[in-house]
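J.: This is what each chain is made of:
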Amino acid sequence: MTGIDCARAEELLSDDYEGTLDALFRGDLQAHLAACGRCRALRSALEDVVEDLRRAPDLAPPAGLAERVAAAVVRDRGTPARRGRLLRVQAAAAAVAIVGTSALYATRGPALRQGKRLVERATNTGVYVMERKDRLLEDVRILRVVVSAAFEGRLDRVNDRVEDYRRLLERRRSSPEQKKSEGPPEGSALPAEAAAGELSTNPSPSKLVKLYVDERTTTWPLPMTRPGRSRAPMRRRSDR
Amino acid sequence: MSDIDPDLLRRCREGDQAAWRDLVSEHGRKVFNLAYRFVGRVDEAEDVTQEVFVKVYRSLDRFRPSDGSFPAWLMTVARHHAIDRYRRRRDERLHVAGDPAALAAVPSQDEGPLKSLEREERQHLVHRGLRALPPTLREPLILCDLEGLSREEAAASLDVPVGTVKSRLNRGRLELAKRLLAATSGSAPRA
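So the sequences go chain by chain: A and B.
No gaps in the numbering here: position 172 of the first sequence is 422 in this note's numbering, and each next residue is one more.
No gaps in the numbering here: position 14 of the second sequence is 98 in this note's numbering, and each next residue is one more.
These aren't lab readings, by the way, just hints derived from the structure by calculation.
Do not take every clue at face value.
[To be verified] Incomplete in silico selection of chain B near chain A, CB under 10 Å:
(1) Ile88
(2) Lys114
(3) Leu214
Where is the CB? At the ideal position from N, CA and C, for every residue including glycine.
Given these sequences and hints, build the entire structure.
T.: This is the structure:
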């Protein structure tokens, strides 16, 4: 009986081939390879694959490629000038839009007041976000891993990461810092009124945003199925 | 060190066709091979090569010999373009046709005839498997194993974290190894 299974051994094979595997893992892998013929064959095939790829010789380009490419480049000579004209037209249009908008704000009092309020709210929001930036960065890091795993189609890992996140939120809820009231400052554009239970079914993107603003209201893990639809729950790889 | 004749560079900037012919003759092979590895067809690789050099012409004013070597700058432009184009058009290439003429053109190395035949057959299987891989697994294999980039350079080209490159590289290699094993043992590859 060896310390690691075939799935774990597969994860280590590439690093073992590169010679970058940690000594501890290498020992585990060697012990597994000594006992598992399938993984030994896979290790050998992986070596063949990488060596074949690395030794793949260059193809000779088709005859006349240089002449055809040179002709195409020279044909393109007029393009930068045309691009320059287009840029000048776009710049002029942007200048007109800026001047027009400024004039509107200058002549319309209510619009100006609305603009001031907007700036004030944005400033407050900025202060609020800066105060909680460490926590937000942590959230973003976890979410990035979740999204990467989702894009790679690793639903088992998505589930694991969501579970990690749920545990993190639980730890935060139980920490003394979280127990004191910490709503956003007055005038913030990120309201704290995300009601508990709103996220219990069918979370929309706006509700998810609220979740990051105030984790006190969260009910993780988020439901995997929409109401009225039946869908098999995501399974871990080990369950398959 | 720029690795390019300043006079050739000046003439290329002026749009001298003969200068461009010289430049493409000197550096076109690497660009063409990079393009071929992504698109898998000679005719399309030629189109990509042409597009890369047109792009180089348009941005040649931004190249400063003091910033580094011209071949390195050219290959960076080529990689970005090849990856962009490959990603834009990957949906169209769900059924990628092989290019047997190009594969047959791969020269054999100095080894015994049986060994050479085995190696060619294995290379054929590996390259066919590479084309069948999903783009996320295929891109790091092309950049790291075929083009010889470091994990960090590949991560920068693909705009993903280094850890993602490592994990995709491992999964891509494993997938090819499983296909190779399945092909050589005569059984179907595991899903």
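J.: Does each hint fit the structure? Answer for all of them.
T.: Hint check:
{"no.": "1", "hint": "Ile88", "verdict": "violated, 16 Å"}
{"no.": "2", "hint": "Lys114", "verdict": "holds, 8 Å"}
{"no.": "3", "hint": "Leu214", "verdict": "holds, 7 Å"}
Of the numbered hints stated above, the single one contradicted by the structure is hint 1.
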